[in-house]
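These protein sequence lines are chains G and D, in that order.
Each residue of the first sequence is one higher than the one before, starting from 1 at the first, in our numbering.
Each residue of the second sequence is one higher than the one before, starting from 873 at the first, in our numbering.
Please note that a few of the clues may not be correct.
Calculated cross-link-like contacts (lysine to aspartate or glutamate; reagent style EDC-like; alpha-carbon spacing at most 20 Å) [to be verified]: (1) D:K931 / G:E710; (2) D:K1097 / G:E699; (3) D:K939 / G:E699; (4) D:K931 / G:E376; (5) D:K1095 / G:E181; (6) G:K292 / D:E1140; (7) G:K21 / D:D1102; (8) G:K276 / D:D918; (9) D:K1099 / G:E181; (10) D:K931 / G:E711; (11) D:K1095 / G:E272; (12) D:K1078 / D:E1120; (13) D:K931 / G:E715; (14) G:K279 / D:D1102; (15) G:K276 / D:D1113; (16) G:K431 / G:D406.
Read the hints as simulated data drawn from the structure, not as lab findings.
Everything numeric in this text was worked out from a predicted model, so none of it was measured.
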Amino acid sequence: LLRYLQQLNSRGFHVDELFQKCLFEEDEKEMVLWAIRTVQPNYQLPPPPSPEICKSSLLQDFYSRETMVSYPKLDFSVKELQERFQQQLEMELRNTVTIESVEAAKPLSPQAVKARELLGILRSQWHDAILQALQSSKRSMARPRRMSKHSVLYPYMCLLPDEDYVDIMLQILNDLSPQGESLAVLARELGSRVYDRYIIQRKVRSRQLEKVQEIYENYIQLLAKDSQPEQYLPREYWQKLVAEAGFGPSLSLKNCSWPCVLLMRLGMHMLELLVKAVKVPRNILNRRLESKPIPVLYHVYSFYSNWQVGLIRPHPIFSQLVSNAAETTLTFSSSAMPMLCPPVPWTSPTFGAFVLSDTKLMRFVDETPQHQLLLEQCPLVNLHPVLDALNQLGNCAWKINQPVLDIIISIFNDKGDEKLDIPPPLSEAPKPPTPPSNSSAWSKSFKHEVFLCKKKAAEMHSLRMDALYKLSIANYVRDKVFWFPHNMDFRGRTYPCPPYFNHLGNDVTRAILLFAEGRPLGPRGLDWLKIHLINLTGLKKKNALQERLEYANEIMDDILDSADRPLTGRKWWMDTDEPWQALACCMEIAKASRSPDPAAYISHFPVHQDGSCNGLQHYAALGRDLSGAASVNLVPSGLPQDVYSAVAQQVEEFRKKDAERGLKIAQVLQGFISRKVVKQTVMTVVYGVTRYGGRLQIEKRLREIDEFPEEYLWEASHYLVKQVFNSIKEMFSATRDIQNWLTESAKLIAQSGRTVEWVTPLGLPIIQPYYRSRSTVVTPLCPALSCRKPDTVKQKNAFPPNFIHSLDSTHMMLTALHCLRRGLTFVSVHDCYWTHALTVDVMNQVCRQQFVALHSEKILQDLSEFMLEKYC
Amino acid sequence: GPGILTRSLLDAGFRVVALESNSDFLTDLQSLENSLDGQLKVIHGDFFRLDPLAKGALKPPAVSSDKVFETLGVAAVPWRADVPLKIFGIVSQQLERNRLWRLLFAMYECSSIYRYGRVELNLFISEKEYTVLTAKPGKSKVYQALTVLAQLGYEIELLHKEPWSSFATNLKNGGLAIPKAGQLPNDHFCLVRLTPQQNLFTGGLKPSNASTFIFMVKQSFAKPKSKLTDRLNSWSLDNSDALLKALEIPKNAAICNLYPEDYKRLFEALQNSDLFGETFFHDEVLASTRTMN
């Protein structure tokens, strides 16, 4: 021991560092201390590091101890939160959750009963077949004399009980869509499911789980209503508890992530077993055929011009059986469900969100874990603001708007409604024409028609399944309060972790979400609800807020009618931009306005404030571009300015001139140029849309206009996109310059073989994950990370939009943190901010203050200095 | 370009119809047309954009083959009849491979120019593609799906080989317009005659099922070194061993070791098996012909 300690010293390490920098499992920490004390009996553990405070100038008052206020309480007691934590923990320990789908309410046909019976029998046969195949493959791998490429997988096939592997494989088989899935995707999925289970198992065995449990139970004290108020942020409080707990395993596991090659190989191996083992008698649906087992999965290739993708498809017999059975249970990974207790606060890039399931602070596209490295190297204190903002977003409690959910489910289980964005069931799909008796007579147009039908059916199926997942999860949590832990992408844009059902979803999902916490409407709340409703309709966009409010009061009859008789009345809500949210809002307005004192009415309803063209706002602010700023509402004005209309106007002027000069296409376009035609392109210009993409967008819009002559589509869209770009250049002069500077810098950086990096004003380090791609071939080893070269074109084209996105997310986080200080409930859908009707005014104020504060920083200068230091 | 091909054909005394895609050259060509007393006819169009898949009105230089043949005054003849028309052209180096594929598709389906019979092509293609077209079985990198389909479909004759150095092939930026091909020789421009085989549609192969055949060959060559029997098994064909035996194909033959004729025989044999009876193979063919074509 003495020798070890001497060696440690001679290499320039201090014993204290063992405890400050190393990660421990089980009782390792105690054992190390015991060992050291046998030679240095008086050795004392180093004191826990005093918490560091972030020094960002944007957050000086936020972090200042003097103005620190106590953290807002949730409407739950310690005991209730403990119970919820237990439920969440049990769910995560089970790894998957099986829930009834909303289709379960439908009556069952005799055909379905029979098909379910068959499937049940088949599944138990498959289970045995897979288990057998798995065990025999393990046996052959274990034979030491034959070193095959698979032997390296052997240890990874032994990590979990055999049953778990079988479970995972059967689950994959169940989830496979009739169209099949690419080999690489399936392999990765299988591999990562094994990894996820392994991680959970490790956390349980290393006693890390016990420690998290212990700390979480104390952490509840910060949030529960029946505990002492504490002047801490969730992250600070958690860190304090960890420091106080002293001994025991570390909360972060030692680095044990598996490289993607391994995940792929493991997945491929399991897939191979699955393809070989799972068979179905071919005559199962048609007794007249001879009985012969055929594989359920088959392997084909799809060709896209010059490259090919390997696919696994289910045999149509299997798909038919599954569709006949119309099974109504769905199985999700536990991390796909909203959390049943407040998320574990992010305290480091490797710890936070779910209790057990591994979650990345930053989502990454496969094979580019560079951000994770960057985050881990970054001093933790620099990440505090971002972690705190994510914790803030994740701590918002939600509940379900049950009346709206019920209406949606009733339509969903009936025939769906494409206009209302409720995908119809496959039974509503167009029927393919009946084929001529002899298949050689299939004409080209007939084939094409069949193909189109199939394509439509495939699209309908995926839309339907997507909606089914969302609604079923919503229905599952209909009586519960739940939370969405958040993480972010590489630019710092935040996302809820559960993938299917969350507030970032479409109109339907947003309409069924309510804040769990209720607040009185206050004096202005009802007015804000009404304005919010008009905003959701998409009407009155050019009118001032007061006029929108007046309009809402004018049509109060329609609003109340929509709320009272949504499906049988005049259905005013159906003809709006966001019908479901509009309906939910109508109902809230009805309840509030009928309550004896609307100002005291407790509302759970989120009111949105939507950003208008944020990208251009940031450019205008960066460039101090006055006329541009005025057109994107950065300057006080009685009426909302609409940059899209302004661009459309400018384009129209150009068109007129060209038409007078006799340009044919300009003449054809007379009367077709509108805000709608140019809107998407203007919106995406700042996010780097190219002429190519812009033309496609405009072509799509023109195609929607029935009167527009089809033969001119290409030429007209080509012409228009040019004019839109010219108009923007004219209106936002500084924007172009900034974009050019950013693009040029990125080009030079990428050409020098390096990757573009920057740091947001909140201190988040960012790296663009674009590298030259290689085709994903499953067997050979993936190239080492270091030798991958940046993709110059992508690095260059994506830098301006990514930089703007990172500013936008910074602004959102600043707003989130300052709203917390003002006691607001706050969540965001990127540039759309949500809060209670009572607090809309405060949020609006904070939002504006923080925009000004952000742009008072020397953003471009700082960027320039950073790049000079880093790359020159 | 400067019209080398057109000039030599005119000098040799042929009746020439020129498809010119670039409208800048059109005026001069048209005045030449007027001065030649019927020996030359000029059409604004691009041979490689005949019958595009996109719907809607055709905008020159995209043209429909019907229109071109009408102007030519060439009527459709049966497949087994003699060559009704000879076409000369240079395949541009961009998208060369795609253009060859499109011609193959058209031939197997007897559509576009091949609706009029066994039109003979005399094309300048890169040595690289020529090597692929004429590769022998066993060379897994060179012997491809394209090879099998081309050799079955065409009689391929090399008429002339001209080194690249005879052409001004530099790009504006000084770089070479002809990319170096890694493993294949690519030092020449090859004039190749592609005459459709008279006996192509014998046995089970018909223009109506040709897309299934093409699909089968492409699927097989997705993994050229794997065994044919593995491929057949992965399509859930369960009597593959018996089938291969009947065709006298060795059980462990690799995809890239089979002769083009073997694929045709395999296809004919599969016609009678249950594989093509299964709907799923049809679906695959439908989906893939859309994306491939």
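Here's how the hints hold up against the structure:
1. Between K931 (chain D) and E710 (chain G) the alpha-carbon distance is near 12 Å, which keeps this suggested pair within the 20 Å criterion.
2. Pair hint K1097 (chain D) plus E699 (chain G) does not hold up; C-alpha atoms about 44 Å apart against a cutoff of 20 Å.
3. Taking the CA atoms of K939 (chain D) and E699 (chain G), the gap is about 28 Å. The hint is violated against a cut of 20 Å.
4. With a C-alpha separation of about 57 Å, the suggested pair K931 (chain D) and E376 (chain G) falls outside the 20 Å cut-off, and the hint is violated.
5. At roughly 19 Å between alpha-carbon atoms, K1095 (chain D) and E181 (chain G) fall within 20 Å of each other, so this suggested pair holds.
6. For the hint linking K292 (chain G) to E1140 (chain D), the alpha-carbon distance of about 24 Å lies beyond 20 Å, and the restraint is violated.
7. At most 20 Å may separate the alpha-carbon atoms for a hinted pair to count; K21 (chain G) and D1102 (chain D) exceed this at roughly 53 Å.
8. Between K276 (chain G) and D918 (chain D) the CA atoms are separated by roughly 50 Å; this puts the pair beyond 20 Å, and the hint is violated.
9. For the suggested pair K1099 (chain D) and E181 (chain G), the alpha carbons sit about 24 Å apart, so the restraint of at most 20 Å is broken.
10. Proposed proximity of K931 (chain D) and E711 (chain G) is supported: the alpha carbons are some 9 Å apart, at most 20 Å.
11. Taking the CA atoms of K1095 (chain D) and E272 (chain G), the gap is near 16 Å; set against the 20 Å cutoff, the hint holds.
12. Taking the CA atoms of K1078 (chain D) and E1120 (chain D), the gap is near 24 Å; set against the 20 Å cutoff, the hint is violated.
13. This hinted pair checks out: K931 (chain D) and E715 (chain G) have alpha carbons roughly 10 Å apart, not beyond 20 Å.
14. Between K279 (chain G) and D1102 (chain D), the direct Cα distance comes to roughly 17 Å. Compliance with the 20 Å bound is thereby established for this hinted pair.
15. Pair hint K276 (chain G) plus D1113 (chain D) holds up; C-alpha atoms about 17 Å apart against a cutoff of 20 Å.
16. The hinted pair formed by K431 (chain G) and D406 (chain G) fails the criterion: a straight-line CA distance of about 30 Å is larger than 20 Å.
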